[in-house]
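J.: Single-letter residue listing:
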Amino acid sequence: MSNVKKITGMRLFLPIFCMVLVMAVNILYDVASGNFALNFFTISIRNGVLYGRLIDILNRGSEIAILAIGMTLVVSASAGTDISVGSVMSLAASFCCMLLAGYGVSSTTDLAMPLIAGVLGGILLACVCGAFNGFLVAYLNVQPMVATLILYSAARAIGLLLCNNLIVYVREDSFKTIGGYLGFIPTPIVIAAVCVVIVAVILKKTALGLYIQSVGINKRASRIAGLNSSRIIFLCYVVCGLGAGIAGVVAASRISSADSNNIGLNYELDAILSVALGGNSLGGGKFNLAGSIIGAYTIQAITTTLYALGVSSDVAPVYKAIIVIIIVTIQAPPFKAYMKKRSAKKALAKGGAAA
Amino acid sequence: MKGKKINSNTLLLLITIALFFVMYIAGCVVYANKGFTHLQTFLNVLINNAGLLCVACGMTCVMLTGGIDISVGSLIAMDCMFLAVGMERWGMSAPLLCLLVLVIGLVFGAVQGFCIGYLEIQPFIVTMAGMFFARGMTAVISTDQVSISSNQFFVNLANMKFQIPFGAYTNSKGVLQIPFVRITVLIALVVLVVVFLMLRYTKFGRSLYAVGGNEQSATMMGLDVKRTKLKAYMLSSFLCSIGGICYCLNTMSGSVQQALGLEMDAISSAVIGGTLLTGGVGNVIGSFFGVLINGTISTLVKTNGKLLSSWSNIAVAALLCFFIVLQSIFAKIKESKK
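From first to last, the protein sequence lines are chains E and B. For the first sequence, our numbering begins at 1 and goes up steadily by one. For the second sequence, our numbering begins at 1 and goes up steadily by one.
These are calculated hints, taken from the structure and not from any lab test. Fair warning: there could be bad hints in the mix.
To be verified - Example chain B residues on the side facing chain E (calculated, C-beta under 8 Å, incomplete):
hint, residue
1, Phe196
2, Ser310
3, Ile324
As the list claims (entries may be wrong) - Computed Cβ-Cβ distance ranges for the label pairs, DEER-style:
hint, chain 1, residue 1, chain 2, residue 2, range
4, B, Val103, E, Asn262, 32 to 42 Å
5, E, Ala308, B, Ile15, 45 to 55 Å
6, E, Leu140, B, Leu189, 55 to 65 Å
7, B, Arg227, E, Gly102, 56 to 66 Å
Stated by the list, open to error - As a list, the in silico SDA-like pairs of lysine to any residue whose alpha-carbon atoms are at most 20 Å apart:
hint, chain 1, residue 1, chain 2, residue 2
8, E, Lys336, B, Tyr118
9, E, Lys340, B, Tyr118
10, B, Lys334, E, Arg220
11, B, Lys226, E, Tyr338
12, B, Lys161, B, Ser149
13, B, Lys226, E, Ile330
14, E, Lys286, E, Tyr338
15, B, Lys332, E, Phe135
16, E, Lys341, B, Leu119
17, B, Lys332, E, Leu140
18, E, Lys336, B, Lys226
19, E, Lys341, B, Tyr118
20, B, Lys332, E, Arg231
21, B, Lys302, E, Pro334
22, B, Lys226, E, Pro334
23, B, Lys306, E, Tyr103
24, B, Lys337, E, Tyr139
25, B, Lys332, E, Ser230
26, B, Lys334, E, Tyr139
27, B, Lys226, E, Ala337
28, E, Lys286, E, Ala207
29, B, Lys226, E, Phe335
30, E, Lys341, B, Thr278
31, B, Lys306, E, Leu166
32, B, Lys337, E, Leu140
33, B, Lys226, B, Thr278
34, B, Lys226, E, Ala332
35, E, Lys340, B, Glu120
36, B, Lys332, E, Tyr139
37, B, Lys161, B, Pro179
38, E, Lys336, B, Phe114
39, B, Lys306, E, Arg231
40, B, Lys226, E, Gly283
Note that the structure is a prediction, hence the values are computed from the model and not measured. Glycine included, C-beta positions come from ideal geometry on N, C-alpha and C.
Assemble the whole structure, with the sequences as input and the hints as a guide.
T.: Have a look at this one:
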């Protein structure tokens, strides 16, 4: 009994448990449809690039993983969520493609300016968006969800304006590489890994991670202890914007176009979901980056599995919603208290029977 | 101190009302030759936003408790799809379907309210899941675009015109145009008045303010906070379902992509109308003007004809930003005076 408790009490239990569950469903599905049972895990090299369902999940999940990093910090520091990341992604993608193609051009095969300038431009604009959110939350004390609501509705619209209401295609090989393949590895996986490593190292080597947590636990106490609480919250939102920018450029490169209406659609929900799934409290405070990253890939695994099971992309949200509700219910304090009471009653009954 | 508090809140409301009139009069001056001055243009704003008005009333009630409900847009899509498929494919009668939609709204709200009130999960997360769920269920019912044409009762209801005895004019072809409103406007106005009276004079209405103002003191006063929250979300989803019926009467169709982002319109209407996001302060009259401002902006953009439709999104977002900053400045002033 105590061993079970030890395992279920671990911080990474929830995301890993979900991941294992998804894998089990996949294996069952493969067995049921008569395929090789470990089809899910097979990785092969086809056409000179890595191929396999696992690789596909890692590849497609890159954007969510990058977003989840920023979202984890935002949730931890400000006890609120940044719901603008999806729209900011779309804005960054639009701006990047507009810079690369030139204003008003709907399709191009050569770049109007160096690739790096376009990409950095897109990412920089996303950082500005993050800074705007951060300013509202940290310095004007606006509720995070509401502050980010502004860009949630405006960013996508601004992106459409930048693209002159067109879908801008950039059909150029060096741009396609960002969302394509680097040698035989999909580039998004590399980008996501680099982002995760950089953030993890910064959090580990400096006290920043500790500062963020302490601000999240008690903003006023941290300020009295000498931390610049507002600046730390501001910084978290900028990082979140940065992540959204990188994810946006990757997403644009994947389809080599800036489809303002569809890039990053519902990604904010996936990002928030991965933070929750990673065992982080949405009420702020302590965070676990590894959990969020595993959570992000779990979400992608769930999505891919649902598609593999023949669930249409329109219906998939139903299952995601049910998963969210189950996860947050398990995390909810009243539910935990209820379960504790029940197990205590059981123990009491056992003790009574023994006596 | 108390007088001061009321002042700053009424000031916000007054700014909103003034802004609406300034905007509308500016529209009348700039687009005078495009028929902006006619009474019918104003009535069209009401007709187009009747559904939104119902939703905004519900949203205001939820926001008074310090919560938020972002499932409304998807719930409307689900309602419309249910009505459309019910009439066209299953051949059910319209009144029965409308009743079912209202019951669905109540149940949907009850589940959300239970999670928020009794399980103490953040409202945003719960209603986000609700949003996912409703949008997905819309696709489960049908992924086609279903338009309503065969149900005579519903079609008649939608085409019903209530003429207004003044403000008639002759158009360029010399035909007398009598201004009219649709039944949806009447429904929405009734909802507005009922919610206004409820918030002002009933025990439930006052407890909404109390819970939003300070949950702890509300508990100490002996109010059942959990129950109040549950009821608030039920009310929101119920009003949203009424809004869904209005929306359906307006569009006469159901599709998965319907009412996308409507929750943001409803929230921004309430915020522009002076409802504080932290809860405890607000009024449906403000939300009414918020909806009108929303509608006027999109009408202005449409009347211009050259501007991209995304400009109306940007304008609403900019206004939202303006009001949020204004609210926070007022809050800071209040805090420094304490």
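J.: Does each hint fit the structure? Answer for all of them.
T.: Results of checking the hints against the structure:
Evaluation of the Phe196(B) hint against chain E yields a violated restraint, the C-beta minimum of about 24 Å exceeding 8 Å. Interface restraint check for Ser310(B): the shortest CB-CB distance to chain E comes to about 4 Å, inside 8 Å, so the restraint holds. For Ile324(B), the interface hint holds, since its Cβ comes within 8 Å of a Cβ in chain E; the closest pair sits about 5 Å apart. Checking the proposed 32 to 42 Å range against Val103(B) and Asn262(E) shows it holds: the Cβ atoms sit about 35 Å from each other.
Judged by the Cβ atoms, the range 45 to 55 Å given for Ala308(E) and Ile15(B) holds: they are separated by roughly 54 Å. Checked against the hint of 55 to 65 Å, the C-beta distance between Leu140(E) and Leu189(B) comes to roughly 35 Å, which is inconsistent with it. Roughly 60 Å separates the CB atoms of Arg227(B) and Gly102(E), a value that falls within the hinted 56 to 66 Å. Between the alpha carbons of Lys336(E) and Tyr118(B) the distance comes to roughly 13 Å, so the proposed pair stays at or under 20 Å and holds.
For the hint pairing Lys340(E) with Tyr118(B), the CA-to-CA distance comes to about 17 Å; that is within 20 Å, so the pair holds. Among the hinted pairs, Lys334(B) with Arg220(E) is consistent with the structure: their alpha-carbon atoms are about 19 Å apart, no more than 20 Å. Note on Lys226(B) and Tyr338(E): the hinted pairing holds, with a Cα-Cα distance of about 16 Å set against a maximum of 20 Å. A C-alpha spacing of about 18 Å is found between Lys161(B) and Ser149(B), which places the hinted pair at or below 20 Å, so the restraint holds.
Among the hinted pairs, Lys226(B) with Ile330(E) is consistent with the structure: their alpha-carbon atoms are about 19 Å apart, no more than 20 Å. Among the hinted pairs, Lys286(E) with Tyr338(E) is inconsistent with the structure: their alpha-carbon atoms are about 24 Å apart, more than 20 Å. For the hint linking Lys332(B) to Phe135(E), the alpha-carbon distance of about 15 Å falls within 20 Å, and the restraint holds. Under the criterion of a C-alpha separation no larger than 20 Å, the hint pairing Lys341(E) with Leu119(B) is consistent with the structure, at around 15 Å.
For the proposed pair Lys332(B) and Leu140(E), the alpha carbon gap of about 8 Å is at most 20 Å, so the pair holds. Proximity of Lys336(E) to Lys226(B) is assessed by CA-CA distance (about 17 Å); at most 20 Å being required, the pair is judged to hold. Between Lys341(E) and Tyr118(B) the CA atoms are separated by roughly 16 Å; this keeps the pair inside 20 Å, and the hint holds. Distance check on the hinted pair: Lys332(B) and Arg231(E) sit about 18 Å apart at the alpha-carbon level, within 20 Å; holds.
With a C-alpha separation of about 50 Å, the suggested pair Lys302(B) and Pro334(E) falls outside the 20 Å cut-off, and the hint is violated. Distance hint between Lys226(B) and Pro334(E) is fulfilled; the C-alpha atoms sit about 12 Å from each other, no more than 20 Å. For the suggested pair Lys306(B) and Tyr103(E), the alpha carbons sit about 18 Å apart, so the restraint of at most 20 Å is met. Proximity of Lys337(B) to Tyr139(E) is assessed by CA-CA distance (about 19 Å); at most 20 Å being required, the pair is judged to hold.
A threshold of 20 Å between alpha carbons decides the hint, and for Lys332(B) with Ser230(E) the separation of about 15 Å falls inside it, so the pair holds. Proposed proximity of Lys334(B) and Tyr139(E) is supported: the alpha carbons are some 16 Å apart, at most 20 Å. A C-alpha spacing of about 16 Å is found between Lys226(B) and Ala337(E), which places the hinted pair at or below 20 Å, so the restraint holds. Using a Cα cut-off of 20 Å, the hinted pair Lys286(E) and Ala207(E) holds, with the two alpha carbons roughly 14 Å apart.
With a C-alpha separation of about 15 Å, the suggested pair Lys226(B) and Phe335(E) falls inside the 20 Å cut-off, and the hint holds. At roughly 33 Å between alpha-carbon atoms, Lys341(E) and Thr278(B) are farther apart than 20 Å, so this suggested pair is violated. Taking the CA atoms of Lys306(B) and Leu166(E), the gap is near 15 Å; set against the 20 Å cutoff, the hint holds. For the hint linking Lys337(B) to Leu140(E), the alpha-carbon distance of about 17 Å falls within 20 Å, and the restraint holds.
In summary, the hint linking Lys226(B) to Thr278(B) is supported, as the alpha carbons are separated by about 17 Å, within the 20 Å threshold. Proposed proximity of Lys226(B) and Ala332(E) is supported: the alpha carbons are some 15 Å apart, at most 20 Å. Proposed proximity of Lys340(E) and Glu120(B) is supported: the alpha carbons are some 17 Å apart, at most 20 Å. A threshold of 20 Å between alpha carbons decides the hint, and for Lys332(B) with Tyr139(E) the separation of about 11 Å falls inside it, so the pair holds.
The hinted pair formed by Lys161(B) and Pro179(B) meets the criterion: a straight-line CA distance of about 9 Å does not exceed 20 Å. Distance restraint check for Lys336(E) and Phe114(B): the Cα-Cα separation of roughly 16 Å lies within the 20 Å cut-off, and the hinted pair is therefore satisfied. Between Lys306(B) and Arg231(E) the alpha-carbon distance is near 42 Å, which puts this suggested pair outside the 20 Å criterion. Distance check on the hinted pair: Lys226(B) and Gly283(E) sit about 19 Å apart at the alpha-carbon level, within 20 Å; holds.
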